[in-house]
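Asks: So the sequences go chain by chain: A and B.
Under the working numbering, think of the first position of the first sequence as 613, with each following residue one higher.
Under the working numbering, think of the first position of the second sequence as 40, with each following residue one higher.
These are calculated hints, taken from the structure and not from any lab test.
These numbers were taken from a predicted model, which means no experiment stands behind them.
Take these hints with a grain of salt, some might be off.
Lysine to any residue pairs mimicking SDA-like chemistry, simulated, CA-CA at most 25 angstroms apart [unchecked claim]:
(1) B/Lys225 - A/Gly682
(2) A/Lys877 - B/Ala347
(3) B/Lys292 - A/Asp663
Covered stretches of chain A (in silico footprint by chain B; criterion: 3 or more residues with CB under 8 angstroms from a CB of chain B, positions within the stretch not fixed) [as the list claims (entries may be wrong)]:
(4) 709-718
(5) 737-748
C-beta: ideal position from N, C-alpha, C; glycine also.
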Amino acid sequence: MRELTYRDALREALREEMVRDKTVFLLGEDIGRYWSGAFKVTKGLAEEFGDERVRDTPISESAIIGVAVGAAITGMRPVAEIMFGDLTTLAMDQICNQAAKICYMFGGQTTVPLVVRTPFGAGVNIASHHSQSLEAWFMHTPGLLVAAPSTPFDAKGLLKTAIRGNNPVMFFEHKLLYPIKGEVPEDDYTIPFGVADVKIEGEDATIFATLYMVHKALAAANELRKQGISVEVIDPKTLVPLDKQAIIKSVKKTGRIVIVTEDCKTAGVSAEVAAIVAEEALDYLDAPIKRVAEPDTPIPFSPPLEQFVIPNEKTIIKAVKEVL
Amino acid sequence: MPTKEKLIEMYRQILRIRHFEEKVYELYGQNLVPGTIHLYVGQEAVAAGVCANLRKDDYITSTHRGHGHCIAKGADLRKVMAEILGRKTGYCKGKGGSMHIADFSIGMLGATAVVGAGIPIAVGAGLSIRLRGTDQVVAGFFGDGASNQGTFHESINMAAIWSLPVIFVCENNLYAMGTRQSVVMKIENIADRAVAYGIPGVTVDGNDVLAVYEATEDAVDRARHGEGPTLIECKTYRHKGHSRFDPATYRPKAEVEEWLKKDPIPRFKAKLQEMQMLTKQEAEKLEQEVILAVEEAVKFGTESPFPAPEEALENVYA
Ligand SMILES: Cc1ncc(C[n+]2csc(CCOP(=O)(O)OP(=O)(O)O)c2C)c(N)n1
Ligand SMILES: [Mg+2]
Numbered sequence: 613m614r615e616l617t618y619r620d621a622l623r624e625a626l627r628e629e630m631v632r633d634k635t636v637f638l639l640g641e642d643i644g645r646y647w648s649g650a651f652k653v654t655k656g657l658a659e660e661f662g663d664e665r666v667r668d669t670p671i672s673e674s675a676i677i678g679v680a681v682g683a684a685i686t687g688m689r690p691v692a693e694i695m696f697g698d699l700t701t702l703a704m705d706q707i708c709n710q711a712a713k714i715c716y717m718f719g720g721q722t723t724v725p726l727v728v729r730t731p732f733g734a735g736v737n738i739a740s741h742h743s744q745s746l747e748a749w750f751m752h753t754p755g756l757l758v759a760a761p762s763t764p765f766d767a768k769g770l771l772k773t774a775i776r777g778n779n780p781v782m783f784f785e786h787k788l789l790y791p792i793k794g795e796v797p798e799d800d801y802t803i804p805f806g807v808a809d810v811k812i813e814g815e816d817a818t819i820f821a822t823l824y825m826v827h828k829a830l831a832a833a834n835e836l837r838k839q840g841i842s843v844e845v846i847d848p849k850t851l852v853p854l855d856k857q858a859i860i861k862s863v864k865k866t867g868r869i870v871i872v873t874e875d876c877k878t879a880g881v882s883a884e885v886a887a888i889v890a891e892e893a894l895d896y897l898d899a900p901i902k903r904v905a906e907p908d909t910p911i912p913f914s915p916p917l918e919q920f921v922i923p924n925e926k927t928i929i930k931a932v933k934e935v936l
Numbered sequence: 040m041p042t043k044e045k046l047i048e049m050y051r052q053i054l055r056i057r058h059f060e061e062k063v064y065e066l067y068g069q070n071l072v073p074g075t076i077h078l079y080v081g082q083e084a085v086a087a088g089v090c091a092n093l094r095k096d097d098y099i100t101s102t103h104r105g106h107g108h109c110i111a112k113g114a115d116l117r118k119v120m121a122e123i124l125g126r127k128t129g130y131c132k133g134k135g136g137s138m139h140i141a142d143f144s145i146g147m148l149g150a151t152a153v154v155g156a157g158i159p160i161a162v163g164a165g166l167s168i169r170l171r172g173t174d175q176v177v178a179g180f181f182g183d184g185a186s187n188q189g190t191f192h193e194s195i196n197m198a199a200i201w202s203l204p205v206i207f208v209c210e211n212n213l214y215a216m217g218t219r220q221s222v223v224m225k226i227e228n229i230a231d232r233a234v235a236y237g238i239p240g241v242t243v244d245g246n247d248v249l250a251v252y253e254a255t256e257d258a259v260d261r262a263r264h265g266e267g268p269t270l271i272e273c274k275t276y277r278h279k280g281h282s283r284f285d286p287a288t289y290r291p292k293a294e295v296e297e298w299l300k301k302d303p304i305p306r307f308k309a310k311l312q313e314m315q316m317l318t319k320q321e322a323e324k325l326e327q328e329v330i331l332a333v334e335e336a337v338k339f340g341t342e343s344p345f346p347a348p349e350e351a352l353e354n355v356y357a
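Let the hints inform the model, and build the full structure from the sequences given.
Replies: This is the structure in structure tokens:
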């Protein structure tokens, strides 16, 4: 099958949805013909669809999302780009109080078919304002859906589902994923939210991992296999809805779970997954739940400091061995 | 007209910034600078002209393009360089890097990489000055792009109604990344926005050190005497791309050439010589001193150790 980068797969989804549905349009800072997005996801789209549908905005995150909400409740399907995930903080009211609550608060009279695309993640030495992973904040806000694709295939299929759906979707990408390649079919396909993937099957322990950590978990699993340890790796693909059954099923099989996420440990994604396992699968556990996550610090700049706080293959392997 | 001593000091500062930035660029090419960089080359007259009016105990806030602000406010080149190189001896012990340098001992309240986020912080420092009853002032630096954030409008309004000692310094280098000012604003002069908040707004040639100096002198004078904030827009241009890999192809060649001709450094040098304030020999000597100081900063930075990994866990709380 044909291979595409994660970046190109996202672009293909945007492009095909814009061709398919005239109400789909893009807005964000420097996404147009002059810069093509900070990570070049929107390259060529302004040239193809024009500046009206691929709209460069002022640096005004709060208004970008607010404007997208306004368009979404009046018949359009905006896809807003926030240049860095850290900068969703500037639009928190519009995301969490407006977009998330409009359907509920107004008794279901309207829907908010909005997608907010933004990259998270550390690893490129751009310090505390450009490197965070804040998925948990949005999981904590009822009314939002949260996607977190780890492969080009998932990126394209989930983005199409997000655009076609009628709920506001926080669509989280990862800076280090943009250049990675993977198989992507040429035909139109969508991927349902709330269905996890078992990336590799195993017997001895389960690793739950998200976004870029899926790749580190797979590398760790490969290494462990050489040492005779068989690990099952689960990628939820979407965090809201979260495929609890897949997690529980795997834990029932292996009796052990290591949860690997790049966000901070306290009240993070890993805390929610651990709670689910504790509530619903405790009896099947043969060892305590283990979490590998960012220690509770901002992301530092200097390479040795930054590498220290990001989970890696070694810390994952160590954690797996601790639960065996 | 500033004193001869002030004039020479400003010349020294713009040279220090220029040589420092060119060196950072060079080190970047040698893979010694982690992450990204936003160079101040071309905009030196703004930081130098503004900071020449400030006392050591006055404050500034800064941006992602902040090396020049730090240097002009009097920061130690060695510690700025060490921070940019991610070393333990840097101002922030390697935690901040190029986009987040601070030196509280000289009133440099820090650079934020969130565009527009420094503006209300400057106003907060102004409020603190008022409440503590001192005669300090604060200069908040930000770009043309930042002036489209809500924080710009909310902050200036607050400083205006409370008559706070704040100088809002908008460095209009005509672009925010690849976005031309005209794509995101209907107005040509950002200083016009001052009218909406009932404060003075002035637009000056940001590549003319003296013009920046004089506009700031008035603003600082008013601020120190309780007459409230001023918005100063400095029209300028960055000589290089926005950041690391940006070839800046979105800028017309002719425009770039036009602005390179307006380079603040040769302009100011010619002016000083015309005013007979600087002889050729003095200029050469001064430049040599600056080059040596920058070399020393590079030596200090590159020879300094990286922080130990576990230091990542320190300073999260006081
Ligand atoms: C709130 C926010 N939005 C977007 C960005 C990404 N970004 C970094 S610099 C920049 C352009 C800033 O333009 P301007 O304020 O004119 O400053 P200049 O870079 O020209 O000095 C953008 C969009 C950011 N860092 N923070
Ligand atoms: Mg600018």
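Asks: Against each hint, give a clear statement of whether it holds in the structure.
Replies: Results of checking the hints against the structure:
Taking the CA atoms of B/Lys225 and A/Gly682, the gap is about 23 angstroms. The hint holds against a cut of 25 angstroms. The hinted pair formed by A/Lys877 and B/Ala347 meets the criterion: a straight-line CA distance of about 22 angstroms does not exceed 25 angstroms. A hinted pair counts as satisfied when its Cα atoms are at most 25 angstroms apart, and B/Lys292 with A/Asp663 qualifies at roughly 23 angstroms. Given as covered by chain B, the region 709-718 of chain A fails the check, having 0 residues with a CB less than 8 angstroms from a CB of that chain where 3 are the minimum.
A count of 6 residues in the region 737-748 of chain A with a Cβ less than 8 angstroms from any Cβ of chain B is obtained; the coverage claim is therefore met, three being the minimum.
In this structure, only the earlier hint numbered 4 is contradicted, and the remaining ones agree with it.
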